[in-house]
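Enquirer: Single-letter residue listing:
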Amino acid sequence: DGGITQSPKYLFRKEGQNVTLSCEQNLNHDAMYWYRQDPGQGLRLIYYSQIVNDFQKGDIAEGYSVSREKKESFPLTVTSAQKNPTAFYLCASSIGQGNTEAFFGQGTRLTVV
Amino acid sequence: AQKITQTQPGMFVQEKEAVTLDCTYDTSDPSYGLFWYKQPSSGEMIFLIYQGSYDQQNATEGRYSLNFQKARKSANLVISASQLGDSAMYFCAMRDDWSSARQLTFGSGTQLTVLP
Chain A
750 DGGITQSPKY LFRKEGQNVT LSCEQNLNHD AMYWYRQDPG QGLRLIYYSQ
800 IVNDFQKGDI AEGYSVSREK KESFPLTVTS AQKNPTAFYL CASSIGQGNT
850 EAFFGQGTRL TVV
Chain B
48 AQKITQTQPG MFVQEKEAVT LDCTYDTSDP SYGLFWYKQP SSGEMIFLIY
98 QGSYDQQNAT EGRYSLNFQK ARKSANLVIS ASQLGDSAMY FCAMRDDWSS
148 ARQLTFGSGT QLTVLP
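As you go down the protein sequences, you meet chains A and B in turn. Be aware that the first sequence starts at 750, since it is given in the numbering used here, and climbs by one per residue. Be aware that the second sequence starts at 48, since it is given in the numbering used here, and climbs by one per residue.
Worth flagging that the hints you see were computed from the coordinates, not collected in a lab. Please note: incorrect hints may appear among the correct ones.
Below are the DSS-like pairs computed for lysine-lysine, each with C-alpha atoms no more than 27 angstroms apart in a straight line [said to hold, decoys possible]:
1. A:LYS758 <-> A:LYS820
2. B:LYS50 <-> B:LYS120
3. B:LYS50 <-> A:LYS832
4. A:LYS763 <-> A:LYS820
5. A:LYS832 <-> A:LYS758
6. B:LYS117 <-> A:LYS806
Note that this is a predicted model, so its numbers are computed, not measured.
Looking at chain A on its own, in the form it has when it is part of the complex (with noise of 0.2 angstroms):
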C-alpha cells in the first residue's frame, strides 16, 4: 500500500543531542513537508522541499536541518540549538501541483529528558 512512513513513533532525547526522525513515501510525490504540532495548536511549518537536493526554510526552521537525497525520503534532524525540541512532528507529501490534498504520516513524538 501506498503511504507515508514516519519512525520512529516515540522518541526519547537528552539535551543537547541531536536526534533525526525519518520520514519515507512510497507516493511518488515531488513534495515533502515537515510540521510541528504543540498541545492546542495548530501545525506550523518547518522545512519543505520540491525537488529532490532542494529544499525551502518554512516559518519555524531554526534549530532544525533537512536533507533531500532521494525522492523517497526527507529526513529531519533536531539540532541542539534547538530550544523547546519536545513537540509531534509530522511529515506530509503532495504530488506538488494542482488541487490536490497532502498526504500525512503517523507522526512522531519527540520528548526531551
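Since the structure of chain A is already known, use the hints to place chain B on it.
Expert: Below, chain B alone, put in the same frame as chain A:
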C-alpha cells in the same frame, strides 16, 4: 499572509445529530484551496474534504459537507449524522495556489466530542 481562524476550541454533539465546525480565513490571493483534516487521538492527519476558491458548488464527501461562503471568507465543515468515531480534533487548512511552496496553513483546531 494567510491566516486560518477556528474559534471553537471544543464542541459537543449528540450521536446521530449534525454539527457545524467553524472556519474563517484571510488571504489576498485570488486562487486558493481550503481543506479539512481530522486528527484522532492516535495523531495521524486524515484528509476529509477540499474546496477550491473558484468552485461554484459546495463540496460534499459522504457525511461531510463544506459550507463555503466566499464573500464572508468562511469554510465551515458540516458533519451529518454524527458517530462516536467522529470524536477527534478537526483542522481547517488553506493553501495558496500562487505560492511556490504550496504548503498548508492550519488553524488551531476544534476538539469534537460525540456523546452517546
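Enquirer: All the hints need checking, so say for each whether the structure fits it.
Expert: Status of the hints after comparison with the structure:
1. Annotation: proposed proximity of LYS758 of chain A to LYS820 of chain A holds, straight-line Cα distance about 22 angstroms (limit 27 angstroms).
2. Taking the CA atoms of LYS50 of chain B and LYS120 of chain B, the gap is about 11 angstroms. The hint holds against a cut of 27 angstroms.
3. Between LYS50 of chain B and LYS832 of chain A the alpha-carbon distance is near 26 angstroms, which keeps this suggested pair within the 27 angstroms criterion.
4. At most 27 angstroms may separate the alpha-carbon atoms for a hinted pair to count; LYS763 of chain A and LYS820 of chain A exceed this at roughly 31 angstroms.
5. Of the pairs offered as hints, the one joining LYS832 of chain A and LYS758 of chain A holds, with about 21 angstroms between alpha carbons and a cut-off of 27 angstroms not exceeded.
6. At most 27 angstroms may separate the alpha-carbon atoms for a hinted pair to count; LYS117 of chain B and LYS806 of chain A exceed this at roughly 31 angstroms.
In this structure, the hints that do not hold are numbers 4 and 6, in rising order.
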